[in-house]
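Note that the protein sequences, when read in sequence, are chains A and B.
Heads up, the first sequence is in my numbering, so the first residue is 32 and it goes up one at a time.
Heads up, the second sequence is in my numbering, so the first residue is 16 and it goes up one at a time.
These are computed hints drawn from the structure, not numbers from a lab.
Predicted model, so just to flag it, every value in this text is computed and none were measured.
Hints are not guaranteed to be accurate.
What the hints assert, rightly or not - Some chain B residues well away from chain A (every beta-carbon gap over 10 Å; in silico):
hint : residue
1    : G35
2    : A57
3    : I120
4    : G142
5    : L150
6    : T171
7    : L189
8    : I199
9    : Q207
10   : N211
11   : K225
To be verified - List of simulated lysine to any residue pairs, SDA-like, C-alpha gap at most 25 Å:
hint : chain 1 : residue 1 : chain 2 : residue 2
12   : A       : K134      : B       : A66
13   : B       : K225      : B       : Y240
14   : A       : K96       : B       : P73
15   : A       : K96       : B       : K225
16   : B       : K137      : B       : Y240
Beta carbons are placed, not taken as given, at the ideal position from N, Cα and C, and that holds for glycine.
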Amino acid sequence: MYRNYAKQNVGNNEVALAVRLASVNTSTLSPDPEDADISDEALLIAVGNSQNVDAFNQLFKRFAKKIFALGMKLTRNEQLANDLIQESMLNVWQKAPLYDLDKGSAKGWIFTLSRNRCFDMLRKQKRQPNCISADDIWPLESGAEPTMVHEDIGGQQVELSLIEGYFDQLSDPQRAVVEQIYSKDRTHEEAAAHLQIPLGTLKSRLRLAVAKLRNLIGVNE
Amino acid sequence: MNTDVKLHPSTELLNRFVQGELVTGKSVVVSAHMELCESCSAKAKELQALAVSSWVDPDSVLQSDQSSEADYPTMVAGIVKSPQIKSQQIEALVEVDIDILNHSIKLPKVLAKAASQGLEWKKVAGGISEAQLFLDNETLCEFIYMAPGCQVPVHTHQGSESTLVLDGSFEDELGKYKTSDFIIRDAQHNHQPRSNEGCLCFAVLDSPLKFTEGFARLMNPVNRYKFKKATSRVA
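Bound conformation, chain A alone (with noise of 0.2 Å):
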């Protein structure tokens, strides 16, 4: 189903943009029925994969007022709400490949990035000391981790045949994450477009993955 990918990715439409959402893991998801047909997840994903602009269009219409509003709450001044919206969805934007589909909605995600922008422009309109930010109060759990894994699964060469001996004890999608890299590979960027799914969540999964075959091959690390 993802054999499409090249030509999906020329188009900007949004009829590509629901095939996409078609092969998107659809069980991590829970379409909301008052949405339009496509979900915010499969626009964030479209950001972040190509930098696809509807998409982003469509993302900024459908919050720009919720953080608007969210602003008015916090800041009770018109201007800093709709600094708000430009520093958000700014964020949205530069942060979108870093989104982890298997750690929380998109809308849970770009609350927690116009909260904490909203945080940090309130500090810095009320001159309070610099050495404190939103992100170290509410930590992102997305993308920030410590080792990155495009390396042997092992340290010493290991025989295919005998990881692939494991492959079923891997979840579909951790499966299909190291197939990609793996045996077909590709790089991160390639994999997470082919999936269809966000970069984020596709080092995640390689991460949970790989820790898991090393264990059961027993490798150390």
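Put chain B on the given structure of chain A with help from the hints.
Only chain B this time, still in chain A's reference frame:
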């Protein structure tokens, strides 16, 4: 993580924390407690999920009457020119240990970050030392160390004091508090903390404390001055 914590922030306080409504000092002390307390960490996640659903609810009371008059297309056009971040910049993890008697204590991450520019310990009186953190201009935030066997003069709070126990234990008229406990005291409480085994705490006050008995009352102007000084520092 400690699963045997007795005293926690109230649900209301946790809720205001996840909504981003608390002043920095209070946010930091709640965040530090959550790092030590599994149940509050889980509860905060649930509260945040609720906050998010009410945020996106079209009928939500949160929706502002005023509407933004910002120029959306211009904003979008500007934003999409920015480069994206492909992998999280891993900030070198700050570690701060506080050495006490014969052992050292690793601070929760958020406190370590806040204390990374160095702590200036001052001996106050009777085996008590304090080191302030300057986090905002509304609260007085400080680490308080009580040496074994020492006690703080009887006092009350005009506002409220949130205290997180980081090591050891202390007790007052209302109970005994151990590592990871989160205690709130306000004007209703007249208390006299004391510690037999020694204790390191982090405390956030939103107004000066007031000694209520004996010679310690002479210190009250000093408490007020200290509070004013602590909250007037700017970036």
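How the hints compare with the structure:
1. G35: Label violated. Min Cβ-Cβ 4 Å, cutoff 10 Å.
2. A57: Given a closest Cβ separation of 13 Å, the condition holds.
3. I120: holds, 19 Å
4. G142: holds, 28 Å
5. L150: At about 6 Å from chain A, B:L150 fails to clear the 10 Å cut-off, so the statement is violated.
6. T171: Non-interface label on B:T171 holds, nearest chain A Cβ at 28 Å vs cutoff 10 Å.
7. L189: Holds: least Cβ distance 29 Å, greater than 10 Å.
8. I199: holds, 19 Å
9. Q207: holds, 32 Å
10. N211: For B:N211, whose nearest Cβ neighbour in chain A is about 33 Å away, the distance exceeds 10 Å, so it holds.
11. K225: holds, 26 Å
12. A:K134 - B:A66: Holds. A:K134 to B:A66 sits at ~17 Å (cutoff 25 Å).
13. B:K225 - B:Y240: With a Cα-Cα distance of about 12 Å, the restraint between B:K225 and B:Y240 holds, given a limit of 25 Å.
14. A:K96 - B:P73: Distance ~10 Å between A:K96 and B:P73 Cα, so the pair holds.
15. A:K96 - B:K225: Status violated; Cα separation ~45 Å.
16. B:K137 - B:Y240: Holds, at about 16 Å.
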